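Trainee: Starting from the given sequences, assemble the full structure and let the hints guide the process.
Residue numbers (the UniProt record's numbering), protein chains in the order written: chain A, 1 to 364; chain B, 1 to 359.
If you are wondering where the hints come from, they were derived from the structure by calculation, not from laboratory data.
The model shown is predicted, which means the values in this text are computed figures rather than measured ones.
Treat the hints with care, as some may be off.
Among chain B residues calculated to face chain A with C-beta under 7 angstroms, some are [claimed, not checked]:
hint, residue
1, Phe75
2, Arg153
3, Asp185
4, Arg219
5, Pro220
6, Cys221
Note that CB positions come from ideal geometry on N, CA and C, so glycine has one too.
As a plain string of letters, each chain reads:
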Amino acid sequence: MAVLPIKFTKTKRDKLAQVLWVLNWISVVTGIILFSLGIFLKVEINKRQDLMAESQLQSVPNMLIAVGLIACLINFLGGKICYDCVDTNKFLRWKLVMLPYIICTFFFTLSVLVGALMCYSMHGQLEEALTLGLRDAMRHYKDTDTPGRCFLKRTVDLLQIQFQCCGNEGYRDWFQIQWVSNRYLDMSQREVVDRLRSNVEGKYLMDGVPFSCCSVNSPRPCIQHQITNNSAHFNYDFQTEELNLWTRGCRQALRDYYTNIMHSVGLTVLIIWLFELSVLTGVRYLQTSLENVLRQGDPECESDGWLLENSFVETARSNLNIIKHLGKFNQINISSNGDPNLDKPPTAHYGPDNVPPKPLPMAS
Amino acid sequence: MAVLKVTFTKTNRDKLAQVLWVLNWVSVVTGVTLFSLGLFLKVEIVKRRELMSKEIVSVPNMLIFVGLTACAINFLGGKICYDCVDTTKFLRWKLLMLPYIICTFFFTFCILVGALMCYSMRNDLEESLFLGLRDAMRYYKDTDMPGRCYIKRTMDMLQMQFQCCGNEGYRDWFHIQWISNRYLDMTDSGVAERLRSNVEGKYLIDGVPFSCCGLHSPRPCIQHQITNNSAHYNYEYQKEELNLNRRGCRQALLEHYTQIMQSIGLIVLIIWLFEVSVLTGVRYLQTAMENVLRLGDPDSESDGWLLENSIADTARYNFNIIKNLGKCYQVDDDPNIDVPSTSQQAQENVPVKQIPVAQ
Numbered sequence: 001m002a003v004l005p006i007k008f009t010k011t012k013r014d015k016l017a018q019v020l021w022v023l024n025w026i027s028v029v030t031g032i033i034l035f036s037l038g039i040f041l042k043v044e045i046n047k048r049q050d051l052m053a054e055s056q057l058q059s060v061p062n063m064l065i066a067v068g069l070i071a072c073l074i075n076f077l078g079g080k081i082c083y084d085c086v087d088t089n090k091f092l093r094w095k096l097v098m099l100p101y102i103i104c105t106f107f108f109t110l111s112v113l114v115g116a117l118m119c120y121s122m123h124g125q126l127e128e129a130l131t132l133g134l135r136d137a138m139r140h141y142k143d144t145d146t147p148g149r150c151f152l153k154r155t156v157d158l159l160q161i162q163f164q165c166c167g168n169e170g171y172r173d174w175f176q177i178q179w180v181s182n183r184y185l186d187m188s189q190r191e192v193v194d195r196l197r198s199n200v201e202g203k204y205l206m207d208g209v210p211f212s213c214c215s216v217n218s219p220r221p222c223i224q225h226q227i228t229n230n231s232a233h234f235n236y237d238f239q240t241e242e243l244n245l246w247t248r249g250c251r252q253a254l255r256d257y258y259t260n261i262m263h264s265v266g267l268t269v270l271i272i273w274l275f276e277l278s279v280l281t282g283v284r285y286l287q288t289s290l291e292n293v294l295r296q297g298d299p300e301c302e303s304d305g306w307l308l309e310n311s312f313v314e315t316a317r318s319n320l321n322i323i324k325h326l327g328k329f330n331q332i333n334i335s336s337n338g339d340p341n342l343d344k345p346p347t348a349h350y351g352p353d354n355v356p357p358k359p360l361p362m363a364s
Numbered sequence: 001m002a003v004l005k006v007t008f009t010k011t012n013r014d015k016l017a018q019v020l021w022v023l024n025w026v027s028v029v030t031g032v033t034l035f036s037l038g039l040f041l042k043v044e045i046v047k048r049r050e051l052m053s054k055e056i057v058s059v060p061n062m063l064i065f066v067g068l069t070a071c072a073i074n075f076l077g078g079k080i081c082y083d084c085v086d087t088t089k090f091l092r093w094k095l096l097m098l099p100y101i102i103c104t105f106f107f108t109f110c111i112l113v114g115a116l117m118c119y120s121m122r123n124d125l126e127e128s129l130f131l132g133l134r135d136a137m138r139y140y141k142d143t144d145m146p147g148r149c150y151i152k153r154t155m156d157m158l159q160m161q162f163q164c165c166g167n168e169g170y171r172d173w174f175h176i177q178w179i180s181n182r183y184l185d186m187t188d189s190g191v192a193e194r195l196r197s198n199v200e201g202k203y204l205i206d207g208v209p210f211s212c213c214g215l216h217s218p219r220p221c222i223q224h225q226i227t228n229n230s231a232h233y234n235y236e237y238q239k240e241e242l243n244l245n246r247r248g249c250r251q252a253l254l255e256h257y258t259q260i261m262q263s264i265g266l267i268v269l270i271i272w273l274f275e276v277s278v279l280t281g282v283r284y285l286q287t288a289m290e291n292v293l294r295l296g297d298p299d300s301e302s303d304g305w306l307l308e309n310s311i312a313d314t315a316r317y318n319f320n321i322i323k324n325l326g327k328c329y330q331v332d333d334d335p336n337i338d339v340p341s342t343s344q345q346a347q348e349n350v351p352v353k354q355i356p357v358a359q
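Mentor: Structure below.
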């Protein structure tokens, strides 16, 4: 009892082959799209490498790139096969390859699905990478004279300006970090020395933020020093002042940005997966109907095409048996006490009477 | 003596007609390109309308108009060339083709004018930006006045995006009060003194807004008391180059727009050359088809040319036509004077006998 059988006339088979040829070429294009989505994602992650700690994030774009390339190859081959399937003679060339091809493509579509799901499941790793990366970037903000870290100030400033965010969770993170280098602190001034002494670790902490935290939406010139000190500024109440600095944290801003990208990429990959699956179904129907045509002998007759020859359960059972016998192939049969040298009684068949021949007299 | 005569066989003519059909459709696409370039330029100018004293609308409008007209003209040209393969269908268009070619010739002048306008916009733009930026900086502090409340935001985003400061440089901010009186503590003696010391009562400081801060500076931004070396540790403002953005915003915007317009001008010039070549092909096709009709045999060879006589003869001929057009409306001084008849009977000079009147 075949699974989803469909009858195909000769014209329908030819039309199916032609349509599948076109669809396979479209799938090559979608393979290229997958590849370029992977490259785009890789570039976006590398752009902000300074702000992300080490993580497995690179696996997603790498997966997409690999899947895209393999999709191009598989569908290119599929296109050639379908092009030849219009002619029954040419189909004979591909007859033995088609079933392995279909099985390979089936497992390949599973990896496309895995790629799509990976895009959606990266949240946790992304959040952790961003938290650690931003924290370290802010710590090294002042180290513009240390080689390897001299661009961190610029990176963090650009990030805060571009994403309209401040600090890790909010602007208060800057209060706990010394972001003014000792090179620019006048150690002869008493207040500087007092502040350094009052801190346990000897850090110069203040209630100020870098200029890149200033919001452009504020109606008044930016207040970036002595933020919590209401009396230091005229007509200022920092509890009610919302527009002065960016209120969003950069971790949330970057997380939202990358989540948006990954969701869009994931959705595109899912659509491509559905498309590939439908093309695979068409190729399976084409293969089974052409094989049935060959079985019946007449190239012009109708034939059946199906997804599976028997029901799911029977197909699964027969495949499991095949796999079991593959395993048994290497086992040796030691039914007699483990000694291979014992003389086994002959089981030869001596003709219809089953009379063993007389031993020949020996010449003396 | 025709100008640039070329002999066309029947197959040549057919091939020319087909090629011109395709080229006319390509020209429709270039017309759409022109239209979208004009639209893009318009959007770019409108985006920064607040920073320009007068909006430059002539160039993008010209490009939009030229783009749409190019689409229409080349669409018609495509239809004409498609029909020119068949001599009978050509008869439909025969009377229309010469006016069409003349119109398209003058239209290509419009394209050339559009391209040249792109290159000549620079001076207008520079002046407009200078005045516009000066006013924007003056109204920077007026965030409570309707109509001007977004100028601060626009100016800050401009200075951060283009990494520039002020009109010519950061010193422009020293001559402008960019801190509103709402945020000045009038009871403070320092503030009152500063206001008094200024002739116009403006609060001027040697400070700049935060958006002037340079990203490449190794030290935290110094935006107040810039010229006062002793106010900051280890600071010398003459040597400090990375602290603030050094470029003036007028120059930054001018360069940005000049680049856009030079690219657009180049593309329009290339489109102009393409249109002129298509026009030349259509002219050859028209003259070749007309000569075929004159010869009578649709399969024969015929000549195609740009002008039937030399350029001087054609110019003289056209001038005469225009002069005679003018003379058509001239009348002799008094229309009521009896003009002596100049019919053939008068040649014999025999006076007409008077008919006897019956009594």
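Trainee: All hints, please: hold or fail.
Mentor: Hints, one by one, checked against the model:
no.: 1; hint: Phe75; in the structure: violated (31 angstroms)
no.: 2; hint: Arg153; in the structure: holds (5 angstroms)
no.: 3; hint: Asp185; in the structure: holds (4 angstroms)
no.: 4; hint: Arg219; in the structure: holds (5 angstroms)
no.: 5; hint: Pro220; in the structure: holds (5 angstroms)
no.: 6; hint: Cys221; in the structure: holds (4 angstroms)
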